[in-house]
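Peer 1: Quick mapping for you: the protein sequence lines, in order, are chains A and B.
In terms of our numbering, the first sequence opens at residue 38 and continues consecutively.
In terms of our numbering, the second sequence opens at residue 5 and continues consecutively.
By construction, these hints were calculated from the structure, which means they are not laboratory data.
In this text, all values refer to a predicted model and were calculated from it rather than measured experimentally.
Coverage of chain B stretches by chain A, computed from C-beta distances (three or more under 8 angstroms per stretch; other residues unrestricted):
#1 315-329
#2 405-413
As a list, the in silico DSS-like pairs of lysine-lysine whose alpha-carbon atoms are at most 27 angstroms apart:
#3 B:Lys-86 / A:Lys-42
#4 B:Lys-422 / A:Lys-106
#5 B:Lys-443 / A:Lys-357
#6 B:Lys-433 / A:Lys-44
All residues carry an ideal CB built from backbone N, CA and C; glycine is no exception.
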Amino acid sequence: MESVKLKVSYAPFVRSSDSIESVMYNVALALAPATVMSVYLFGMYALVLNVVAILSCIGFEWLMDKARKKPASCLDGSALVTGLLLALNVPANLPLWMIVVGSFIAIAATKHVFGGLGYNIFNPALVARVFLLISFPAAMTSWPVPAPFSLGLNVDMQTAASPLGILKTDGLEALGSFTLMDGFYGTMNGSLGETSAIALLAGAAWLLYKRYITLTIPLTLIGSVFLFTGIFFLIDPGTYASPLFHMVTGGLIIGAFFMATDMVTSPISMRGQLIFGLGCGLLTAIIRLWGGYPEGVSFAILIMNGFVPLLDRWDQNDQKAKYQKKSEKA
Amino acid sequence: MKTFKIGGIHPPERKLTESSAIEVMPVPAELVISMNQHLGKPAKPLVKMGEQVKKGQLIGEADGFISANVHASTSGKVKGVKPHPHPGGQYAMAVFITPDGKDEWAEGLDTEPADWRSFSQEEIIAKVKDAGIVGMGGAGFPTNVKLSPPPDKSIDTIILNGAECEPFLTADHRLMVESPAKVVAGLEIISSLFKGEAKAWIGIESNKQDAIDALKKHASPKGIEVVSLKTKYPQGAEKQLINAITGRTIGQGELPFDKGCLVQNIGTAVAVYEAVCLNRPLIERVVTVSGMEISSRKNVLARIGTSFKDIAGFCGDISEKTNQVICGGPMMGKALFTLDAPVVKTTSGLLFINNSAVEKSRERTCIRCGKCVDVCPQSLEPWLLANTAQLRKFDEILDLGLMNCTECGSCTFVCPSKRELVHWIKYAKVLVNNRQKRKSA
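Working from the sequences, and respecting the hints, build out all of it.
Peer 2: Structure follows, in structure tokens:
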């Protein structure tokens, strides 16, 4: 007993098993169905894109930690999630060097310049995606046609516009044989991971079950897109696509469940999250219906990311008002 | 099932000693009776080196309004009066007693059971004060002060706190199972001070079904309601227990009696019964000895002043992996720096654990997940309080509700970044209090 050395530390002496790693690796796990689906739909090159994006994100994370003289955080899972999300948000024939540039923008220019994990205002994967979209519009909008079980490393796939792109440039009639079930299973043109709604929803269900995300943001985001596009569909079904079409196309599902719910860049309180989700949904719908780009989820979430500090400050001021009033009374 | 409305967590319960009957520990070779066993001013030592004392004799006198008497836990000779390590982490004046083995009661104490109905309210409060009874749940507030609220406050609800929501601890649980009659009698005595208008409740978490059954049998015929509460931490915190049972909320700067409530601990109720009916001062208490690193886990009835080393010796071997010994529960307890510290009136548990996290800080940056806000039972923003404390903005931090924190540690339990949130909040409280003292001085 004399040999026992007692150490003093702060209470509580028990902690939950949750950690940054468990959060991040569970998000990665939740993205696995969509990743597998992307390889099934677009072939082995999709897998190569995923691996390159993940490795380059982890590499830049390591480099930035070194440069900033910070403890290594490259294996905490956050770079893995960023890489995975970035890869799932680009077309399946993107040149590899472009995805490496995207990784640099995500990790170095979006995350570490603000101070690393927890301090970035904007979602790194989304900034990278938008950066690539604006810098390389041709490469970022020529979507390979899904060819299930094409296991080759063929980059010269047949390409076409995405359903949203067709809707934007050629109108509703041009969509032709596209059915909602294509969007649901993912057999449509689009980015690697955003096409298959069912794979994404399976992952989202896991995160909800593990309580790493709540339904507040996804439901308000998707709900407001549905309502807004639904109103215009009812007014003129000849020009506007049905709200269900908007549900399953583009990056709405991956955006709502995996991007907008990013803990670092979304509001903390319920009220903040409601406004955030609503704003994302309205902006998405406005950009899709009348904007210059066919797809608006990325822009909408990034714009609302910018409002998060303001929404949080609102809660803090409420908190202050509550306690200041009380102490004056006392 | 009832529970408090806002926040809360459910840590692993680990009630390893819930079915171990309370064992009476023999008087050790030396007792160290601290003069600081309660909230407020420490007691004034009344004995000198070489003096003979009897069991139950007053050896420390309450010094001021918020203070409490301290008694000798056995008969013997005073070996010295000097500062000694206190389980709270500081040094405190203590009376060292070498027992003579006779364990003789002082005159007039330990009498035949008397009916408490034969005493007036003033007599009961005087007996509680003389017996040095303090809240035995952890804070150690002098019970006689709590039992005499200002005359303008009317108490309509009296709650006995059998929640025992801290992991590991089972001291109150065993008392409820083994001495339900004493618990109920103590509660009846306390209720009688409030002219019979007050309704009495006993709140017990649902993971202690045997205690609920035992108390229902004794309490229900007397009009006392036993409430089964959903197992959730920190249900045993005064504010949360009141909210769970009555639905009332104790706001900033308010005390329970502002909302007509009075909460007492199970151990305190038993002590009140023994003081009033048996004329026994508070000289012993039940301590849960548990944790993964001790070979035999027990609920021990130990004399106040028994050193933790003696308790460990009584319970068995400590494994070599032990790196922390916690006084109290794992959520709100304190890590001891020495096993020389003695049992005081507020010592509810002694836990021998291997805490791998203690070797180096694992604190990471906040990832703004908001879990601390979700679990805070006081609706605070713990991450913001901790940030503000780290920036030393002590004017701003008061406006964020700093003083409303009950230091339950739920935020720190759930934090995935392993931030020491509640530590920073406690740190800010201490510095803010020191500042205010300096200003008023």
